[in-house]
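First to last, the protein sequences are chains A and B. For the first sequence, our numbering puts the final residue at 92, and the numbers step up evenly by one. For the second sequence, our numbering puts the final residue at 143, and the numbers step up evenly by one.
Some hints here could point you the wrong way.
Listed below are the simulated SDA-like cross-link pairs for lysine to any residue, each with C-alpha atoms no more than 25 Å apart in a straight line [stated by the list, open to error]:
id	chain 1	residue 1	chain 2	residue 2
1	B	K115	A	K68
2	A	K68	B	S60
3	B	K115	A	G19
4	B	K73	B	K120
5	B	K73	A	L85
6	A	K68	B	C143
7	B	K116	A	A57
8	A	K68	A	L15
9	B	K120	A	D2
10	B	K115	A	A79
11	B	K120	A	L85
These are calculated hints, taken from the structure and not from any lab test.
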Amino acid sequence: MDLQLLGLSFITVFLAEIGDKSQLAAIALGGSSKYPRAVFLGSTVALVLASFLGVIAGGGVAQFLPEKILKAIAAIGFAIMALRLVWCSESE
Amino acid sequence: METANLKSIPSEEKFQDTANKVIRHGEPSSPSLTVQPSQSHKTLELQSSLKWSFWTVFSSTFITIFFAEMGDKTQLVTLLMSAESQSPGIVFLGAAMALISTSLLGVIIGYWLSKKLSPKTLDLTVAILLLFITGWLMSDVIC
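Generate the whole structure from the sequences, applying the supplied hints.
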């Protein structure tokens with residue numbers, strides 16, 4: 001087992017991911033949700049699956065998955081969650 | 001007991017509201033402890049709607065973060081590193097551990113913040129943060 005490679009990939013991804021969109025999303029969703037555990041599970045599975053697909057598919061991943069459309073869908077999803085939070089607490 | 005649960009579906013929203021209030025002040029994993037014993041029927045309905053809600057939280061988190069991460073720099077870093085090295089398995093293992101720790105850190109920070117802020121301030125802060133992420137993602141899409 002190449003521990004140096006393991007450490008290198010850990011540190012690289014860790015530094016790339018600190019303060020990134022998905023960590024901010026984990027902070028936001030984990031704070032607002034009644035189920036921080038569900039948020040943790042959901043984001044972990046999503047992130048690991050995304051990087052797994054990256055390793056498996058290599059460069060071909062961009063060809064069969066329209067990245068911009070997926071990101072736009074995610075953006076809409078976050079916007080809906082934000083609006084729902086404001087909306088629901090106002091009408092309460 | 002099961003049929004009682006099924007019948008409660010139309011009023012689920014109402015119980016969801018009650019559940020929100022109970023949870024906000026109590027332990028997230030054991031809402032039934034805060035309910036009086038005389039309300040045991042309600043407790044069952046509460047639990048059924050809570051169970052549904054756990055998976056809603058899970059799936060909405062999963063879908064948004066998965067879609068946001070596709071083609072993002074983390075995925076590209078993993079992709080490049082595994083392509084360069086002879087052992088993609090180790091790269092994936094390191095990346096997976098890093099991703100688990102960052103999301104655990106994020107959720108812990110969020111949970112800690114939720115204890116510090118009042119519910120109203122928290123909702124507003126989270127909404128602004130989510131809209132910020134939306135803007136960030138949209139700038140990725142447009143540029």
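Holds or violated: B/K116 and A/A57, Cα atoms, limit 25 Å.
43 Å, violated
Take the C-alpha atoms of B/K73 and B/K120, compute the straight-line distance between them, and say whether it is at most 25 Å.
34 Å, violated
Does the alpha-carbon distance linking A/K68 and A/L15 stay inside the 25 Å limit?
Judged against 25 Å, a Cα distance of about 24 Å means the pair holds.
With a cut-off of 25 Å on the C-alpha distance, tell me whether A/K68 and B/S60 pass.
19 Å, holds
Pairwise hint evaluation, A/L85 against B/K73, where the allowed Cα distance is 25 Å at most:
29 Å, violated
Regarding the pair B/K115 and A/G19, is the alpha-carbon distance no greater than 25 Å?
21 Å, holds
Holds or violated: B/K120 with A/D2, Cα cutoff 25 Å?
49 Å, violated
Are the Cα positions of B/K115 and A/K68 separated by 25 Å at most?
Given that 25 Å is the threshold and the Cα spacing comes to 36 Å, the pair is violated.
Hinted pair A/K68 and B/C143, Cα distance within 25 Å:
10 Å, holds
Within 25 Å, alpha carbon to alpha carbon, are B/K115 and A/A79?
Status holds; Cα separation ~24 Å.
Holds or violated: B/K120 to A/L85, with C-alpha atoms at most 25 Å apart:
Cα-Cα ~10 Å, so holds.
Violated hints, listed in ascending order, are 1, 4, 5, 7, 9; each of the other numbered hints is respected by the structure.
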